[in-house]
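Put chain B with the ligands on the given structure of chain A with help from the hints.
The listed protein sequences derive, respectively, from chains A and B.
With this note's numbering as the guide, the letters of the first sequence map in order to residues 1 to 373.
With this note's numbering as the guide, the letters of the second sequence map in order to residues 1001 to 1548.
Read the hints as simulated data drawn from the structure, not as lab findings.
Hints may be right or wrong, so weigh each one.
Said to hold, decoys possible - The list that follows gives simulated cross-link-like pairs (lysine-lysine, DSS-like), each with its CA atoms no further than 30 Å apart:
#	chain 1	residue 1	chain 2	residue 2
1	B	K1340	A	K280
2	A	K373	A	K218
3	B	K1009	B	K1475
4	A	K280	B	K1341
5	B	K1110	B	K1137
6	B	K1514	B	K1475
7	A	K370	A	K147
8	A	K299	B	K1341
9	A	K370	A	K299
10	B	K1003	A	K299
11	A	K184	A	K280
12	B	K1341	A	K356
13	B	K1003	B	K1110
14	B	K1340	A	K299
15	A	K225	A	K370
16	A	K280	A	K218
17	B	K1340	B	K1003
18	A	K282	B	K1009
19	B	K1124	A	K356
20	A	K299	B	K1137
21	B	K1137	B	K1124
22	B	K1009	B	K1110
23	A	K373	A	K257
24	B	K1110	B	K1124
25	B	K1341	A	K282
26	A	K370	A	K356
27	A	K257	A	K299
28	B	K1124	A	K299
29	A	K356	B	K1137
30	B	K1003	B	K1341
31	A	K147	A	K257
32	A	K299	B	K1157
33	B	K1340	A	K356
Claimed, not checked - Facing chain A, a subset of chain B residues (Cβ under 10 Å, in silico):
#	residue
34	N1225
35	T1227
36	A1228
37	S1257
38	D1258
39	R1265
40	D1288
Glycine residues also receive a C-beta, built at the ideal position from the N, C-alpha and C atoms.
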Amino acid sequence: MNTMQARLILIDGTVYEGNSVGFAGTSSGEVVFNTSMTGYQEILTDPSYAGQLVALTYPLIGNYGVSARDVESSGPKVAGFIVREMSETPSNYASQGSGDDYLTENQIVGIQGIDVRALVLKLRDAGVMLGMITTQHDAPTGLQILKNLPEYDAGTYAREVSTQTAYFWADNARSETIPPRSAKPRVVVLDYGTKYNILRELLERGLEVVVLPCGATKDEIAAHKPDGIMLANGPGDPRSLEAEVEVIRQLMSENPKQPMFGICLGHQLLGRALGGETYKLKFGHRGANHPVKDLTTGKVHITSQNHGYALQADSLPQGVEVTHVNLNDNTVEGLRHLERPVFSVQYHPEASPGPKDNAYLFDRFAELVKAGK
Amino acid sequence: MPKRPDINKVMVIGSGPIVIGQAAEFDYAGTQACASLREEGVSVVLVNSNPATIMTDPETADAVYIEPLTLPFLEQVIAKERPDGLLPSLGGQTGLNLAYQLAEAGILEKYDVELLGTPLDSIKKAEDRDLFKEMMKSIGQPVPESVVCENVEQARKFRDEIGYPLIIRPAYTLGGTGGGIAWNDEHLEQFVKSGLERSLIHQILLERYLNGWKEVEYEVMRDGNDTAITICNMENFDPMGVHTGDSIVVAPSQTLSDKEYQMLRTASLNIIRALGIEGGCNVQLSLDPNSSRYFVIEVNPRVSRSSALASKATGYPIARVSSKIAIGFNLDEIQNAVTKKTLACFEPALDYIVCKIPRWPFDKFGTSDRRVTTQMKATGEVMAIDRSFEGALMKALRSLEVGVTGLRAKGMSALTEMELEQKLRVPTDERLFVIFEALRRGLMVEEVFQITRIDRWFLRRIAKIVELEGRLRGKTIESLTPELLTQAREMGFHDAHIAELTGLDELEIRARRKGFGLVPAYKMVDTCAGEFEAATPYYYSCFERESE
Ligand SMILES: Nc1ncnc2c1ncn2[C@@H]1O[C@H](COP(=O)(O)OP(=O)(O)OP(=O)(O)O)[C@@H](O)[C@H]1O
Ligand SMILES: [Mg+2]
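One chain only, chain A, in its complex shape (with noise of 0.2 Å):
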């Protein structure tokens, strides 16, 4: 086992003290948790964790290893890993190393051996807050520079995650080059930090994936000729993407009968788009048990979470319909535009990890483009 001491230092003073996991180092973020009990790989890779310090409530990780089949992006995006114990010893199949080793590798800052539940515990009633992992700092200097980083909300980590170059989603990898237009219908997919599972998702149902960078404008989407618009999920405080939102509002305008669908910041910034509202939740929903109603077919399904913010269900114009809200605080989970082909969602039906009960939202995407082609 990795000896080598470590703390994870929060801004409100708290120290808890473990052993370093993965890279040594120091690595600042908001402290966030997760309750999914599988999957840790695919929430390492996901890059809705820019700038987060992601903790497991789960005690055991690391069991199955890690696997080139289980990541959800490039490699891990989060700032750092939280963890109640590591696997030293992980057994499956499909297993191609240690998740201590996948955290060298990637030059991921973690920790192990904290009271992780009682980490949560302050989460929950004191609300996410910023927090270093190190194994350099001592608390007082750790505190110190933590007092001097910006706000969490602040950042623009979407910019950051995302593709800076367009690229063709084929074959469960990214090519570079992108083919001219077959018979298929073509989805462009704004890429604020898109799971690789929504692209997977999509390419299942004969669409064409071409993914564009956050910043693409709306001259640059069009050049691609979509016959849908696909708002990916991604890191950080929508409110700090107007540009982004701006581009969703021309592409509305222009096209009327484009269909549009938005997961997690997508959903978000679609909203903002038009005209919502986003707040920050105090801990945010990360998990993959959370009930949510669809408000048009009163069918419940379990969904795969991950945000920090949510949309304002009074805030939304007239024309705009909440279809979703979870069960557990009623928040808005979804919404559709009355007139158009456009819809959202805050949760994950791509999954991965997670339930996989809510794929049925592709197909209706799927569907529209197609008949909208």
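Leaving out everything else, chain B with the ligands in the frame of chain A:
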């Protein structure tokens, strides 16, 4: 939908005398169900022949009948009480079989009693091995190659096609009664005969034996609005071939990736939907350790033996919620009894590990056959909760009350190498101790794996315990550093155990440990891994920093 106005009186059938495979868990389920129904103003008529049950207390139901659990007696009770509905899914296999027979005999129809929660048709589909296979195929769920036999001839024919090993599984039984694994003709004849005898409908399933595959269970729940959720999944320590009731079981699963977990979860939910069950259901699956192939093994269309474990492991009251669903409520209309703020419509998140170890009666009877196979032999079980697998396992071992503080069962150290290997190969009630002994003698995890096919993850954890045992042995009191004691306590080494290994006085060790501030903390089982405040949680001890 809220409570159905037409259901005002419900009959609950208990599970009768305690037998292997059907013990106190169904009293637990039935009692919870009675309370849950009465909470909604439903009057409960309870029938059970077992006086040593809480459900037969006069306070539990509105009318209690202590009667033989047979059709004539049940019919009399029905004629007298005229209940609106019968809840078949809480009295174990006995309750389910009787409900099925009452329906088939036309008695329910005669007195206009509705079968609640589980449609008659789905009892048939889940219990009749042949119909079950058909239905699985129709919804695209894989089942192992098998054939339904009603005589020895048919069994021989299948043997010629598939070869050995084969497994014999009787229909409409519980705890694997009458079945077994056949490695040769002699076994085959024997088990086919006993299986046919024990089966309610004189039918067995002969099936390819999934040697070395993982055994995993899902407890799932569905309501009348077709919302379906998973309460808990569980993984057997022993690979296929040891009945779940005779296997060490952990919750949640430890060696499944998210892809595997979700694949089996989706399968379980598809199954409960296809069966149309409104209430709880138990799905047993088998997963290939070398690929992501799986097979569906069995479905219990009712609250199962594992439901008690799953309920206590997660804090989710399965029987309570099942009963509410049976009288019309949907999951999003039922409160989460632990948080009191959220709803019963969610999937519990665990932030601890649960370990169940069966308790067998062999020591009482001095029987020579201590093998555990596909026919359940355990008479009880213990469960432990901790933040590490080692901690949960050691705590459960201490709960067994078989005097194993030092993880040494009697006679282990006298075994020859050959005897040891034989004992590793054939699962018995002692196998865990044999594994300890083998690792202690220097056998590698890989060797133990090759013999037992128990997942390396579990074996390596046990090897860690053995390794720490070795490091503690012979330590002086001064050399028990805070680090070493912390590690020992986190891995579940009790002071008495450390005393045994070091030869030191237990009280002296305790004093030193406390001197370092190493005292247990108590954490909550709250269904949600701390995400919401809990109103009526329960607790477990662990070596963490903060108590709640
Ligand atoms: N095809 C198979 N290959 C190997 N082992 C099997 C196979 N099918 C069943 N088993 C083993 O036999 C055990 C008992 O089988 P099964 O669960 O069908 O019996 P049961 O009498 O219905 O038990 P329950 O009490 O769970 O209802 C299983 O737990 C499993 O270990
Ligand atoms: Mg079974």
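Do the hints match the structure? See the list:
no.: 1; hint: B:K1340 / A:K280; in the structure: holds, 25 Å
no.: 2; hint: A:K373 / A:K218; in the structure: holds, 19 Å
no.: 3; hint: B:K1009 / B:K1475; in the structure: violated, 66 Å
no.: 4; hint: A:K280 / B:K1341; in the structure: holds, 21 Å
no.: 5; hint: B:K1110 / B:K1137; in the structure: violated, 35 Å
no.: 6; hint: B:K1514 / B:K1475; in the structure: holds, 18 Å
no.: 7; hint: A:K370 / A:K147; in the structure: violated, 51 Å
no.: 8; hint: A:K299 / B:K1341; in the structure: holds, 21 Å
no.: 9; hint: A:K370 / A:K299; in the structure: holds, 26 Å
no.: 10; hint: B:K1003 / A:K299; in the structure: holds, 18 Å
no.: 11; hint: A:K184 / A:K280; in the structure: violated, 39 Å
no.: 12; hint: B:K1341 / A:K356; in the structure: holds, 26 Å
no.: 13; hint: B:K1003 / B:K1110; in the structure: holds, 25 Å
no.: 14; hint: B:K1340 / A:K299; in the structure: holds, 22 Å
no.: 15; hint: A:K225 / A:K370; in the structure: holds, 14 Å
no.: 16; hint: A:K280 / A:K218; in the structure: holds, 28 Å
no.: 17; hint: B:K1340 / B:K1003; in the structure: holds, 19 Å
no.: 18; hint: A:K282 / B:K1009; in the structure: violated, 45 Å
no.: 19; hint: B:K1124 / A:K356; in the structure: holds, 29 Å
no.: 20; hint: A:K299 / B:K1137; in the structure: holds, 27 Å
no.: 21; hint: B:K1137 / B:K1124; in the structure: holds, 16 Å
no.: 22; hint: B:K1009 / B:K1110; in the structure: holds, 17 Å
no.: 23; hint: A:K373 / A:K257; in the structure: holds, 10 Å
no.: 24; hint: B:K1110 / B:K1124; in the structure: holds, 20 Å
no.: 25; hint: B:K1341 / A:K282; in the structure: holds, 17 Å
no.: 26; hint: A:K370 / A:K356; in the structure: holds, 23 Å
no.: 27; hint: A:K257 / A:K299; in the structure: holds, 28 Å
no.: 28; hint: B:K1124 / A:K299; in the structure: holds, 28 Å
no.: 29; hint: A:K356 / B:K1137; in the structure: holds, 21 Å
no.: 30; hint: B:K1003 / B:K1341; in the structure: holds, 20 Å
no.: 31; hint: A:K147 / A:K257; in the structure: violated, 48 Å
no.: 32; hint: A:K299 / B:K1157; in the structure: violated, 48 Å
no.: 33; hint: B:K1340 / A:K356; in the structure: holds, 28 Å
no.: 34; hint: N1225; in the structure: holds, 7 Å
no.: 35; hint: T1227; in the structure: holds, 4 Å
no.: 36; hint: A1228; in the structure: holds, 8 Å
no.: 37; hint: S1257; in the structure: holds, 5 Å
no.: 38; hint: D1258; in the structure: holds, 4 Å
no.: 39; hint: R1265; in the structure: holds, 7 Å
no.: 40; hint: D1288; in the structure: holds, 8 Å
The structure fails hints 3, 5, 7, 11, 18, 31, 32 (numbered hints given earlier, in ascending order).
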